[in-house]
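Novice: If you want the building blocks of each chain, they are given just below.
There are 4 protein chains.
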Amino acid sequence: MASTHTMEIRARYCECDPMGVVHHTVYPIWFEMGRTELLRATGSTYRDMEAQGFLLAVTRLELKFRAPAKYDDLVTLETSLVDVGHVKIEHRYRLSRDGEELVVGETTLACIGRDGKVRALPDAWASTIKGRA
Amino acid sequence: MASTHTMEIRARYCECDPMGVVHHTVYPIWFEMGRTELLRATGSTYRDMEAQGFLLAVTRLELKFRAPAKYDDLVTLETSLVDVGHVKIEHRYRLSRDGEELVVGETTLACIGRDGKVRALPDAWASTIKGRA
Amino acid sequence: MASTHTMEIRARYCECDPMGVVHHTVYPIWFEMGRTELLRATGSTYRDMEAQGFLLAVTRLELKFRAPAKYDDLVTLETSLVDVGHVKIEHRYRLSRDGEELVVGETTLACIGRDGKVRALPDAWASTIKGRA
Amino acid sequence: MASTHTMEIRARYCECDPMGVVHHTVYPIWFEMGRTELLRATGSTYRDMEAQGFLLAVTRLELKFRAPAKYDDLVTLETSLVDVGHVKIEHRYRLSRDGEELVVGETTLACIGRDGKVRALPDAWASTIKGRA
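So the sequence lines, in the order shown, correspond to chains A, B, C and D.
Okay, so the first sequence: first residue is 3 according to the working numbering, each after it adds one.
Okay, so the second sequence: first residue is 3 according to the working numbering, each after it adds one.
Okay, so the third sequence: first residue is 3 according to the working numbering, each after it adds one.
Okay, so the fourth sequence: first residue is 3 according to the working numbering, each after it adds one.
Okay, chain A solo, but in the shape it has when bound (with noise of 0.2 Å):
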């Protein structure tokens, strides 16, 4: 249960905002795209998920700012799966640059329905998600 991703993601200007740094709400989205390509590295993705009717809905999200991503930097996002139970999934964030930690994070996913009631994860999609074909 330690898979991790780490990707790069350039700071967009729109990102900014008039302290000439990213936004604190612009985090979450960048750690989204991190759990949409650790998915994808196991082989799967979150589109096959929703098409199968399986959504994951964030429960809970929380975050520390230690320093702030400016505009264009390039940053490393390293995404860790923690926990994945019957309807809930946990994953750990970490962002830095050149090495220096500037945002952490965790978030807690429920799987769910097209009617947003909650659903059991399958086991296959457990499995897919540990990173065990």
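Keep in mind that a hint or two might mislead.
No copy is singled out in the list; a pair is fine if it fits within one copy or between any two copies.
Cross-link-like lysine-lysine pairs, in silico, PhoX-like; alpha carbons within 20 Å at most [to be verified]:
{"hint": "1", "residue 1": "K66", "residue 2": "K119"}
{"hint": "2", "residue 1": "K90", "residue 2": "K119"}
{"hint": "3", "residue 1": "K119", "residue 2": "K72"}
{"hint": "4", "residue 1": "K66", "residue 2": "K132"}
{"hint": "5", "residue 1": "K72", "residue 2": "K90"}
{"hint": "6", "residue 1": "K72", "residue 2": "K132"}
{"hint": "7", "residue 1": "K132", "residue 2": "K90"}
{"hint": "8", "residue 1": "K119", "residue 2": "K132"}
Rather than coming from a laboratory, the hints here were simulated on the basis of the structure.
Go by the hints and put chains B, C and D onto chain A.
Specialist: Just chains B, C and D, lined up with the frame of chain A:
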């Protein structure tokens, strides 16, 4: 065909960029709000249109920027209906601050179905959009 | 220290995702609007604070999502000041729709200067933020 | 004056709307990324331009939407420099997916100073932008 709606919008911090002004991609978001409120003023809503399977997709967008809106500015958006055809709807927009024109724009919308294909606008909806109950 | 501000917010179309609900990263944008209006209600503005060289940077953000807001929903945001220290400010947020709690959250802000370094909040600003003229 | 840059962009979940397609206001954000990378390909950066006090503000934006990009699509953006004048720069954009044209657009940028006033583009920057070292 001269129905116009006027609303005030407060520029959000995250809508502003490192130049300290509203990022140019935010104005078409505000235009969409103007269209939404223009339709609501007729007694109907775009949410109802979608629920009935009539979606409006933007097919053309043009903007001219004269002067920027700044953080926390309270600006005035005028949204005017220009034309309602069998499939297409044209709007015009004028954004100002204390009478000074900041941005003008135009859009063309096409009526489509859930399948993304062009769909004729029913007479009832065309009349509603024109503001004739 | 129980000053609270209540405002209504209309969920924009572009704030909603393919699940048809407000994307989870939009709620902290609304929280920022709540803080802005809470300060304005004291007779001052965050724009003035920045003009005087006192910037407020988010250093911690926590959200719990109970139920989603949907497109065109008119939701109610309550923003409460929890604590004002020498450098840090704590807020709490509660978003609801027709009395149903949708999202709750907390933030910590730190006062910094234009150089990004921590800067003590002057007594005058601390009093203003506390709502005591 | 035919310098063109091609890049791939992955459509983010939060960039898609309840229709399940990329919201029309996201395309001009991608165009800005295209301009940024076109300039970087010449060996310089827009970050450097701003640091030297030369800002590029969008004064005109036109888009035509042929077909939507969808969530998780990997699309191709071609950004072309059309003209560099004393103050204004023109670009053209073409977004496609597997060869199918989705969106085309044009922008005019004006060179301004930190004070927001028009400022002539120095010959050195004009040459860099044209891709002639």
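Novice: List, from low to high, the hint numbers that the structure doesn't satisfy.
Specialist: 4, 5, 6 and 8
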